[in-house]
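As you go down the protein sequences, you meet chains E and D in turn.
No gaps in the numbering here: position 91 of the first sequence is 90 in numbering that gives the first Met the number 0, and each next residue is one more.
No gaps in the numbering here: position 103 of the second sequence is 102 in numbering that gives the first Met the number 0, and each next residue is one more.
Think of the hints as simulated: they come from the structure by calculation, not from any bench.
Wrong hints could be hidden among the right ones.
[Claimed, not checked] Taking lysine-lysine pairs in the DSBU-like style, the calculated list, with each CA pair at most 35 Å apart, reads:
hint, chain 1, residue 1, chain 2, residue 2
1, D, Lys80, E, Lys57
2, D, Lys69, E, Lys52
3, E, Lys33, D, Lys65
4, D, Lys66, E, Lys51
5, E, Lys57, D, Lys65
6, E, Lys47, E, Lys33
7, E, Lys47, D, Lys69
8, E, Lys68, D, Lys62
9, D, Lys69, E, Lys51
10, D, Lys62, E, Lys52
11, E, Lys52, D, Lys80
12, D, Lys69, E, Lys57
13, E, Lys31, D, Lys65
14, D, Lys62, E, Lys57
15, D, Lys62, E, Lys33
16, D, Lys65, E, Lys51
17, E, Lys51, D, Lys80
18, D, Lys65, E, Lys52
19, E, Lys31, E, Lys51
All figures in this text were calculated on a predicted structure; none of them were measured in a lab.
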Amino acid sequence: MNKYDNHPAGPDPGLDGAVFLGWLKKRGSLRKVKDCERKCMENGFSAKEFIKKVGQEKIRFAMTGNGNKVIQLVEKPWADQWMIYYDVEVPHHRHWTHL
Amino acid sequence: MTKEDLPVLTAEEEMYLNEPYGGLFGNSVMAKVVEELVADPTMDYRPKYLVDVTGNSEGSINKVLKKLLKLGLIENKMTGKHPVYRVRVESKKFAALSFLAYAMPDDRKGTDCMNMAISDYYNSVLREDYEPQAIANSDNWVIHPGITSADESEYRTISRSA
Numbered sequence: 000m001n002k003y004d005n006h007p008a009g010p011d012p013g014l015d016g017a018v019f020l021g022w023l024k025k026r027g028s029l030r031k032v033k034d035c036e037r038k039c040m041e042n043g044f045s046a047k048e049f050i051k052k053v054g055q056e057k058i059r060f061a062m063t064g065n066g067n068k069v070i071q072l073v074e075k076p077w078a079d080q081w082m083i084y085y086d087v088e089v090p091h092h093r094h095w096t097h098l
Numbered sequence: 000m001t002k003e004d005l006p007v008l009t010a011e012e013e014m015y016l017n018e019p020y021g022g023l024f025g026n027s028v029m030a031k032v033v034e035e036l037v038a039d040p041t042m043d044y045r046p047k048y049l050v051d052v053t054g055n056s057e058g059s060i061n062k063v064l065k066k067l068l069k070l071g072l073i074e075n076k077m078t079g080k081h082p083v084y085r086v087r088v089e090s091k092k093f094a095a096l097s098f099l100a101y102a103m104p105d106d107r108k109g110t111d112c113m114n115m116a117i118s119d120y121y122n123s124v125l126r127e128d129y130e131p132q133a134i135a136n137s138d139n140w141v142i143h144p145g146i147t148s149a150d151e152s153e154y155r156t157i158s159r160s161a
């Protein structure tokens with residue numbers, strides 16, 4: 000957690016959620032649903048549940064022209080603030096392990 | 000929400016879907032692996048996982064990982080018989096590639112993600128080195144020719160608590 004920042008506004012995505020937001024943001028804020036679900040599963044939660052928890056005005060399902068479902072980060076400032084809060088914007092020291 | 004209710008992406012948005020770094024480096028195995036690793040540096044990566052997410056062969060993934068190891072962007076360790084790779088977050092290449100990842104959509108959409116990331120990086124990593132005067136509030140401090148103090152132990156104490 001970044002000690003320099005206050006508790007941001009809006010729904011708290013949690014550390015794992017902030018990691019997912021960072022992953023999505025660094026992929027142009029847009030990925031296929033199956034890629035997002037696989038990523039979230041690695042961190043032990045479901046992308047669908049995550050979207051339900053934080054709200055579709057923050058991150059939403061959308062569709063490509065040929066009908067493929069994607070997940071799109073909508074509210075980037077909200078994501079930025081929580082990523083900074085959890086120190087995952089550009090992490091510069093390791094304080095976690097997933098093995 | 001049914002599929003019919005979902006917002007449809009614009010043609011421009013769709014163009015960048017699955018393009019590592021917005022297409023800047025093409026769609027090579029190297030670009031895909033680097034984008035995946037940089038996007039989540041908190042994870043330990045096995046080659047098999049990268050084969051699955053990129054759709055490339057195990058041979059080409061191993062070749063890229065070997066190169067990235069040599070370049071110092073990642074490090075590895077053995078868990079049983081299998082190697083596991085992780086991003087060296089202390090590498091400047093990692094920070095630069097993170098900023099680049101934020102810059103690509105910023106240029107397209109006029110957002111400010113890269114600047115926000117740089118500002119956070121400056122405050123949390125660089126500020127103490129680049130703004131020592133902000134913490135130097137004693138007559139004992141001499142700014143030139145280098146940042147020195149009559150009492151070095153005092154400098155270290157103040158630095159850590161700033």
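Exercise. Does the alpha-carbon distance linking lysine 47(E) and lysine 33(E) stay inside the 35 Å limit?
Worked result: holds, 11 Å
For this session: Measure nothing beyond the straight line between the CA atoms of lysine 66(D) and lysine 51(E); if it is 35 Å or shorter, mark the hint as holding.
Result: Roughly 40 Å separates the two Cα atoms, so the pair is violated.
Exercise. Does the alpha-carbon distance linking lysine 65(D) and lysine 51(E) stay inside the 35 Å limit?
Worked result: Answer violated: lysine 65(D) to lysine 51(E) is near 40 Å, above 35 Å.
Exercise. Has the given pair, lysine 62(D) with lysine 33(E), been kept, meaning a C-alpha gap of at most 35 Å?
Worked result: holds, 26 Å
Problem set entry | Given hint lysine 65(D) paired with lysine 31(E) - CA-CA distance at most 35 Å | Cα-Cα ~28 Å, so holds.
Exercise. Between lysine 65(D) and lysine 52(E), is the straight-line Cα distance small enough, at 35 Å or below?
Worked result: Violated, because 40 Å separates the two Cα atoms, which is more than 35 Å.
Problem set entry | Pair hint outcome, lysine 69(D) versus lysine 51(E) [Cα-Cα no greater than 35 Å] | The hint is violated at about 42 Å.
For this session: Would you mind confirming whether the straight-line C-alpha gap from lysine 47(E) to lysine 69(D) stays at or under 35 Å?
Result: Between lysine 47(E) and lysine 69(D) the Cα gap is close to 39 Å, so the pair fails against 35 Å, i.e. violated.
Problem set entry | Pair hint outcome, lysine 52(E) versus lysine 80(D) [Cα-Cα no greater than 35 Å] | Given pair lysine 52(E), lysine 80(D) is violated - Cα atoms ~40 Å apart, limit 35 Å.
Exercise. Are the Cα atoms of lysine 57(E) and lysine 65(D) separated by 35 Å or less?
Worked result: Violated - the C-alpha atoms of lysine 65(D) and lysine 57(E) are around 38 Å apart, more than 35 Å.
Exercise. Keeping to a limit of 35 Å between CA atoms, is the pair of lysine 68(E) and lysine 62(D) held or broken?
Worked result: Holds: lysine 68(E) and lysine 62(D) sit about 32 Å apart, inside 35 Å.
Problem set entry | 35 Å Cα cutoff - pair lysine 31(E), lysine 51(E) | holds, 17 Å
Violated hints, listed in ascending order, are 1, 2, 4, 5, 7, 9, 10, 11, 12, 14, 16, 17 and 18; each of the other numbered hints is respected by the structure.
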